[in-house]
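Asks: The chain contents come next:
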Amino acid sequence: MIDVAADFTRYPGGRFRSDGKFSGQRFRDDYLVPKLREANELKIILDGTMGYGSSFLEEAFGGLARLDEFAAQDLATRLILETSDPSLRAEIIEYLTAARH
Amino acid sequence: MRPGRTIYVRVEAPASLDLFGRADLRSAASHLLSRIRRHSRRANVGIRLDLSRVVEIWSPTALMIRAEIDRAIAGTRVAKPFLCVRPDDDRMDEVFAQIGLYDSIDEPCEVNSDRDDVKHWRLATGVLSEGEQGGSMLESYKGRLADRLERGLYEGIVEAMTNTVHHAYEGSHGNRLRHMIGKRWWLLSQERDGLLTVAICDLGIGIAESLPRSGTFTVDAVRQFLKGNGLSSNDANAIRAAVELGNTRTKIAGRGRGLHDIVEAANLSAGGSVMIGSNRGVFTVADGKSYARNFDDSVRGTIIWWVVRIADNEQDGA
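Protein chains in written order, with the numbering used here: chain A, 1 to 101; chain B, 102 to 419.
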């Protein structure tokens with residue numbers, strides 16, 4: 001499980017590591033990828049942060065689907081997205097799906 | 102003049118500082134920015150900034166003035182680049198103190214404002230897309246902004262920072278503009294009469310120049326958008342293209358959503374609005390409608406500002 005606000009930051013930032021400390025790229029490479037290597041399902045608690053810019057989300061989740069390491073079509077079921085905001089879940093699914101095309 | 106001796110050029114601010122309203126006020130305020138920019142690049146020249154006549158200022162304009170002064174200070178070799186004649190108007194004096202202008206030009210100042218319409222001005226600047234500065238600014242209004250609106254503003258601010266860091270200072274032109282300041286943004290919030298204004302700006306190349314090179318949308322997509330809508334190629338329509346292509350084309354692998362997040366935040370507040378100014382153009386979205394406008398002169402950068410309703414602060418009795 002990853003609780004973004006508790007384990008990563010309350011203030012998600014930009015796309016790349018060069019953008020700042022709490023980028024989508026860092027979240028993907030240092031949090032999502034190692035956890036997905038350990039378990040088939042990964043629960044991600046998205047509430048508790050100030051919000052997520054689309055660049056952060058696209059790089060973290062779209063970028064995850066673009067990696068060769070994971071079967072992109074499985075990610076939407078392996079990632080259990082816990083959020084009170086349905087539009088956030090929809091946006092992440094959109095990035096996971098779009099990255100496969 | 103002996104080598105190295107500084108001479109000071111007087112640069113007078115107009116009474117009303119408003120870059121994004123009436124055309125005549127825009128012209129006077131942009132002339133002020135232009136003179137600061139021009140004189141700060143001259144060897145052995147300092148600026149005597151005369152603010153004595155200023156009686157009103159809009160927060161987006163205050164932000165751009167502060168940004169231009171920061172860049173002037175960073176780029177000059179003059180030991181004391183600014184002298185200052187402070188406003189006769191006490192409230193204006195307090196506003197300039199509140200946004201840190203006097204501190205930035207090393208002007209001694211002991212002013213601390215208790216006025217409700219001044220003490221809530223907050224300013225931050227940085228060169229990375231890190232949300233903490235914007236997030237903590239918004240957290241100071243905790244409980245007074247609806248959760249979804251707070252989140253929307255945060256997401257808009259972070260995307261604006263990311264756009265600045267990725268695109269605003271690109272190319273050889275951008276490289277010159279960021280000399281000594283980096284890929285810098287400035288952020289300001291102001292609360293007044295039940296409205297919260299949040300503004301973020303850069304001094305980069307502008308959206309019309311950055312959009313085709315950003316890779317977010319292809320040059321053809323932008324061209325087709327303008328042609329399909331019978332729009333000419335200008336700054337306001339470039340902003341419109343960045344907003345409207347971002348609204349309709351969200352599935353772009355490896356790319357963001359243009360200005361989509363930025364506009365979305367304004368739609369989360371009844372009566373909310375967002376204005377995006379870039380070089381000569383201004384694009385406004387309010388109440389589900391959009392308006393584009395071009396001025397004769399350029400602000401030489403990009404600014405985005407949101408205006409949303411905020412609940413009363415009972416502690417202030419406001």
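A portion of the hints provided could be inaccurate.
Claimed, not checked - Some chain A residues close to chain B (C-beta under 8 Å, calculated; not the full set): (1) M1; (2) F8; (3) D19; (4) K21; (5) F22.
Since the hints were derived computationally from the structure, they do not count as laboratory data. Backbone N, C-alpha and C fix where the C-beta goes; we use that ideal spot for every residue, glycine too.
Asks: Each of the hints needs a verdict: does it hold here or not?
Replies: Here is what the structure says about each hint:
Annotation: M1/A was flagged as interfacial toward chain B, and the flag is violated, the nearest CB pair being 22 Å apart, outside 8 Å. At about 12 Å, the closest approach between the beta carbon of F8/A and any beta carbon in chain B exceeds 8 Å, and the interface hint on this residue is violated. Nearest Cβ of chain B to the Cβ of D19/A: about 4 Å, under the 8 Å cut. The hint holds. Satisfaction of the interface hint for K21/A is found here, the shortest Cβ-Cβ separation to chain B being roughly 6 Å, below the 8 Å cut-off.
Interface restraint check for F22/A: the shortest CB-CB distance to chain B comes to about 7 Å, inside 8 Å, so the restraint holds.
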